[in-house]
Structure formats: C-alpha cells, structure tokens
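Q: Chain by chain, the residues run as shown.
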Amino acid sequence: MISRFTMLKVFLNSFFIQSSWNFEKMQGLGFAAAIAPAINDMHQDKEQTCRALKRHMVFYNAHPYMASPILGAVIKMEEDVKAGIRGTDDISSFKESLMGPYGAIGDTFFWGSIRPLASILGVLSVLIWGLWGVGIFLVTYNIFHIWMRWSGLHKGCKLGESVVDYIKSLELIQWAARVRLFSTMLLGILLLVAIFKGIDIFMGQRLIGYQMFLASFFSAICVVLLAAIIRNRLSVLLSIYLLFLPTFIFLIIMDIILRVSKLY
Amino acid sequence: MDLILWQSFLVAFVGSVLSLDRTAALQIMISRPIVAAPVIGYMLGDTAAGLLIGCVLELLFIGGLPVGAYIPPHETMIAMLVTGISIIVNNIGFARFSWKFGESDMMILVISATLLTMLPIDIVCKRVDTAVRVLNTRFFYIADKDLGKCNIGGIILNNMKGLGVFFILNFLTLFVLTLAGVMVVSFLFKFLPLTVIMLLALFSIIALIISLSSAYNAVYGKGSLPLLFTTIFFGFIMLILMRGR
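Chain order of the listed sequences is A and B. Following this note's numbering, the numbering of the first sequence begins with 1 at its first residue and continues without gaps. Following this note's numbering, the numbering of the second sequence begins with 1001 at its first residue and continues without gaps.
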C-alpha cells in the first residue's frame, strides 16, 4: 500500500494531467507523470520502476476529473502486478475500457450540468451581491470538482477495479439531469432579476406590476425563441452578427449618403 | 503610449497565467470569464466593468464543452481582450462624445464596440490553442526516450514543458491582440457616425438576451420549458411582494 504522502503527490499531479495534452497521445504523458510518484514508491529497483512507467506511456484520454478513480484503481492493480496476483495486460485493458465511458460521464456531469449550475448561480449572485458572486461561483463548482478528484483517487486505491461499481452507485448521469432542471429554475430567477435591475438602471424608473409582468414574460419568450434558433446549428457568435450587423451597415451607408448629399 | 504598452503587458501576463487553468493545469475554473474579467478589471482600475463583461461572456460561452479533441471557443482570451481593451480605450477618452454621453454610458458603448470587434478573433485564439497541442506531441516522445534511458524525472519535466508552451503562446497572442484591439477600437470611436455609436447601446441589450438564450440552451432538457415559465411566474409574484409594487 502506498503512503499517504505519495497519494497526496499523485493527487496534486492529477491537476496537471492535461499539461502536455496533444492530438496524438492526448493525456498519455500527463497520466504517466501523475502516477509516477506511486510507481516510484512501489518499486525499489529503478529498472522495474521504468518498466512499469513505460506501460503508461500510451494513448490515454478521459475527463480530467474522472481520471482520478482510474489513477487510484491502476495504482492498486500495479501493486497486484508487483505481488504477482495479476498480469500487466489487465491494467491496459482496464484503462482502455474505462476511457470512453468515464469521459462521457465526466462531460455530462461536470461540463454539462455542474458548470452551467455554477455559472448561472454565480451571475445571479453577482447581480445581487456584487463581487461575492465570483466566490460563490468558484466554491459551488469546486466542491464537486475536488470531491471527485480526492474521493475518486482514494476509493480507486482502496477498491481497485471495483471502483467502477462505486462510480456507478453515484448515479452521476441521473444527477446531471436533476441538476440541469434546478439550473433552469435558477435561470428563471436570473432572468427576472436581470430584467428588474435592467429596467431600474436603463429607464431610471419603477414600472407598475402588470408592466413588469409583461416585460418579464416577453423577455422570456425572446430568450426561448432565440435559444431554439441557436440550438438549430446557428452558432452564438453568428447569431449576434446576424442580428446586429445589417442594421449597422445600413446606418453607416445612410450616414455616408447624408454627408455626400450635404456636399452638393 | 508607454502606459498602454504596460497595461497590455499586464493583461497578457495575468491573462496567460489564468488561461493555463483552462486546459493545462488545475481546471478550478479561474479561467472562466466571470473570474478572469473582474481580475483584469481590478488590475486596470475598473472592477465593475470587468464584472459586467465577465457575467455576459460567462453566459454567452456557458455551453462550450471541450469534448474529446474538439476545441471550444476560447472564452478566457476573449474575456481578457474585451475587458483589457475596453478599459484602456475608455481611459483614453473621447472629447467628440463628451457632450452627449456620461462616463458610465460611454463605458457601455466602448464595451459593446470591443465585443463586436473582438468576438471573431476567437478564430485566431483557437488556432493558437491548436498549435500548442500540435507542439506538445514532441514532449511525449522526448519523455518516452528519456524513460528508455531510465530517466524518471524526464516524464514530469516534459509534462511541465507543455505548460510552458501554453503560457508562452497565450502571452504572445494576448499581447499582440490587446495592442491591435486598442488601436482598432480607438479608430472606430474616432470615425464612426454618432447614429452607429448610439446603436451600440442596443447591442448591449441584444448581447444580454443572446447570453441568456445561450444559458437556456446549456440547461435545456425534458421539462425545462414549463419549469422556466413556472419559475418566472412564481418568482415574479415573490419579487412583487418583496418590493411592494
């Protein structure tokens, strides 16, 4: 069993798993660099350490946070290989079989639901409490992030291949759908607060109840319709220019015509 | 000019350090616009402008997922550029419009103009990101060769070299683009007709609506539409009760 200090080194190295990300081997070098302290700790002979590390200098790509359970399980499996309980082929097939599914789970849970949740909550908090919102954004996101990095590594080291069952028991995909629904509710509140604050600032006056209701309702319809247009393969950036540039160009041409007509 | 150079250097240096968080290191989200833009704003003396830009860009780029080998829009660089350029240009000031717009109105117009000018620059930022990832392949093979000679330290060193390449290329790109952006936006404000400048205020509202739409797309799923409108309805009643309208 590796020492707690070595585990801390692997944990810290896991934050740099994408430092040398490239199109050919993706996180291959990063994974080897992250696991290096554990392998070094395991073997006294330098030749054996190098041979073990060489096994990890291959193509590898998963979600950066979901690499932690794989890292932990691989450390446990390397110990088994050293003890002669299993062969080295088990490690490569374990890594290869989990790369795809863990990449998809991480993308759906972290990029697809926790990040939007933290962003919407952060922006909403900025509108209400100013700079504190930035802190709320960072804390909300990193609670989940650091938890997965640490507990994934810890459980992986303890359970080995059975870490797969542990990750399955977390039901991350189901939670992702629930978090997205919660984020939708927060977005509704954000929309309301943005409109209330916007009208107060831009118009400098307070509207009465039904006017506010109409403003909120029509803005929400605008948002939903625009979202549908963007979803149907029109990029966010392109939609900005499509909405804005024609008017812009028209006004510039009109200005030129007016100036020319004044000359004559 | 010296001040502009110094401020551009500052934007590029801090920007490239924060950009590392996006792919190369940590991923604790300090590279997201909501964090990065206020940091740049604070350094250049206008945290409020940074917060405003950060919030709009955060929602605008909420859906960019770095899945597999796909490189999403470089929201960090865009946030740095828009914040840096807007504050530097606004500090230069425009006597041409001083009779028409107040200080805060002018800032909104400058931010809108910078956003419109800088958003297409994302193509350059993506190219730089791609170049870094191509260059990094070399370090894998050097580390592999080192391991052949039983040099274990070579693995960690070469992994960190990738971090260095990310930093250097991001720094150079940000420095050049900030200087170029300051010149372009200042030029626009010197020569664009007043009607077009006034239209920029409308753009800020359009940008806000599009950013909310982008956020809605990021959380879109089964049952999200009725949930959104129900929340708006009950939220509205609560806000009215709280504010006594």
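None of these hints come from the bench; they were simulated from the model. Every residue gets a Cβ at the ideal spot worked out from N, C-alpha and C, and that includes glycine. Don't take each hint at face value.
Claimed, not checked - Covered stretches of chain A, as calculated for chain B (at least 3 residues, CB under 8 Å): (1) 9–22; (2) 40–51; (3) 84–91; (4) 165–173.
To be verified - In silico DSS-like links for lysine-lysine, alpha-carbon gap of 30 Å or less: (5) 1149(B) x 9(A); (6) 158(A) x 76(A); (7) 76(A) x 1126(B); (8) 54(A) x 1149(B).
What the hints assert, rightly or not - A partial selection of chain B residues facing chain A, derived with a Cβ cut-off under 7 Å: (9) 1024; (10) 1035; (11) 1062; (12) 1142; (13) 1162; (14) 1164; (15) 1167; (16) 1171; (17) 1175; (18) 1204.
Q: For every hint, state whether the structure bears it out.
A: Hint by hint, here is what the structure shows:
1. 9–22: As far as the region 9–22 of chain A goes, the hint holds, because 8 residues have Cβ atoms under 8 Å from chain B.
2. 40–51: holds (count 5)
3. 84–91: violated (count 0)
4. 165–173: violated (count 0)
5. 1149(B) x 9(A): holds (24 Å)
6. 158(A) x 76(A): holds (7 Å)
7. 76(A) x 1126(B): violated (39 Å)
8. 54(A) x 1149(B): Roughly 11 Å between the alpha carbons, so the hint for residue 54(A) and residue 1149(B) holds.
9. 1024: holds (5 Å)
10. 1035: holds (6 Å)
11. 1062: Constraint on residue 1062(B) satisfied, holds at 5 Å.
12. 1142: violated (9 Å)
13. 1162: Hint on residue 1162(B): holds, closest Cβ of chain A at ~3 Å, below 7 Å.
14. 1164: For residue 1164(B), the interface hint is violated, since the closest Cβ of chain A sits about 9 Å away, which is over 7 Å.
15. 1167: violated (11 Å)
16. 1171: violated (16 Å)
17. 1175: violated (22 Å)
18. 1204: violated (9 Å)
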